[in-house]
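Engineer: Keeping their order, the protein sequence lines are chains A and B.
Numbering of the first sequence is given in this note's numbering, commencing with residue 1 and proceeding in unit increments.
Numbering of the second sequence is given in this note's numbering, commencing with residue 1 and proceeding in unit increments.
It should be emphasised that the hints constitute simulated quantities derived from the structure, not laboratory data.
Virtual Cβ for every residue (Gly too), placed ideally from N, Cα, C.
Heads up, a few of these hints could be off.
What the hints assert, rightly or not - If you want the footprint, here are the derived chain A segments under chain B, 3+ residues with CB under 8 Å:
(1) 14-28
(2) 81-87
(3) 90-103
(4) 247-258
Letter by letter, the chains look like this.
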Amino acid sequence: MISPQRVSAIATNTVREAIRNKVLYVLLFFALVLISTGVLLSTLSYVERDRILQDVGIAAIRFFGAAMAIFLGVGLIHKEVDRRTIYTVLSKPLSRSEFLLGKYLGLVATLWLQMAVMGVGFAVTSWLSEAPLDAGHAYAIGLAGMEAALLAAVATMFSSFSTPLLSALFSVGIYLVGHLTRDLRELGAASGSEGTATVTSLLHRVLPDLESLNLSIQAVHGLPIAPAEVAFAVLYAVGYSAALLVFATILFQRRDFR
Amino acid sequence: MSDAPEEIVVVDELVKDFRPGFGLRKKRVLHGISFKVRRGEIFGFVGPNGAGKTTTLKVLMGLIHASGGRASILGHDIGESAYRRHVGFLPENPWFYDHLTGREFLDFYARVAGVGVAGRADRCAELLDRVGLSHAADARLRTYSKGMLQRAGIAQALVHDPSVVFLDEPMSGLDPIGRKEIRDLILRLHTEGKTVLMNTHILSDVEMLCDRVAIIVQGRIRYEGCIGDFLQNEERATDVVLGAVSPDVVEQFETRFEAGVKGRGDRIEFRVAEKHLEEVLRIALDTGAEVKAVTPHRVSLESIFLSAVEAEGAER
Ligand SMILES: Nc1ncnc2c1ncn2[C@@H]1O[C@H](COP(=O)(O)OP(=O)(O)OP(=O)(O)O)[C@@H](O)[C@H]1O
Ligand SMILES: [Mg+2]
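Construct the entire structure; sequences and hints are all you get.
Structural biologist: Rendered as structure tokens:
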């Protein structure tokens, strides 16, 4: 039912549009600057030089990935409607779900492309300052990519029915809460109150558990990371994103483009 | 598609309500309209601003959902999407991905429309040539003029060689040469046997191009049929411009022929019914007036629109 040719046409056009947009290069430049300032910071301290350097680096990648996912995601559909490009695209034998999927995959490809560049920047700075590099770092950056993809789905979902500003507010909200649900659940469990514990564990289950995609501490401290844990996190992110997209499609189907 | 119906587009009691803002108040834009477009014709969908032409086309293209009624294209309900590979659409005031070049733009739409790799590049080049954009094929759309964008839009509508083409005001914003080019393009589609439905509020375009029309005013169809029949039933009139007319002659025109005379002295202007034209001109020449212009005037679509709008106002 879903045609790969049509979806990929939409996706490549989305990537092409992003690549030809200068704003992204500015963002990318800042991200690379931030990653390399880790080197500067680390020279200030004699202890744990590598740790500081890589902490800053991975944090920068995670932050910029998330920020760009939300920033680009909230405008993804809105821009097409606003510029009325959606009229001609949807007048072709293309279903709305194919359109939405193509836009989303194009966005994810854009984000991953950017994060790959940042990852290379991270590897180069680490290598120049002779900090250890191993699979742990790759896992951490990979999961940062999954977090960006999940946030892109959150933003796409909101933007399929809401304005960019509201979508951005909602998405940032989900981002912040998504990093707290684990702690909230722990707190709820420790509170001793049955009700609080149920509510916080429900929140943890319903909202995206973004901390499960955060391996920066393990990576930076060189702690062992089980591949199964990574695989599970990837599956979690893919499943959660897919569910969001299905929901977004349902909302998107009902819309009038006027 | 030999068993495809002769009636290519069938619109049946279509209703559309908009909800402006967040309130529950509804605004009915289409009041149950019905019309049919037959195979191979150029059908004009004509009406004043705000009549509901664009809304109707958007419903037909599945961009907005009808609140009631039915419509089908090539025998398929408009809720489906697969049949759209036989349908091309040019929206009103089109705007496109301006980061693409003309060639990339067409290639993109060809891919979305499911045109195979084989022959796609040739097809795009041929279409660019057909709409006169070959020279700008490798320039970004953001450098295109309005007329060029309109033509790119038409190329986009034709890229998958559809048998039915919907055009929403294809000539708007174009200069006379541009309008002529688009008209020729539409006529060529007609000779190729394609069915064309076009929205417009310009009568001369309709007269030159269309076989049949539907006239829509404030969300209701006022007429459907041949444009010739429609105009024949209308009383014709002539606009006359005279110079050097004496005041008593002016008065005579006003009382005898009910001509609303505008201006005075060396330039007066009025409209008379066709049957009085000869007499008026004779009087003018006999009294030594100077005949500056005599323009036959078809009771314009404008006045039909106006009378329909007035009738609407009276109903309320
Ligand atoms: N998004 C909308 N929300 C509310 N009302 C709308 C919306 N879009 C159009 N309308 C109303 O619907 C009516 C029909 O609009 P439509 O655009 O279909 O007219 P049109 O015949 O295409 O006019 P034009 O010649 O100006 O293009 C108008 O009264 C307009 O105010
Ligand atoms: Mg219109």
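Engineer: Would you list, in rising numerical order, the hints stated earlier that this structure does not obey?
Structural biologist: Going through the list in order, the structure violates no hint and respects every one.
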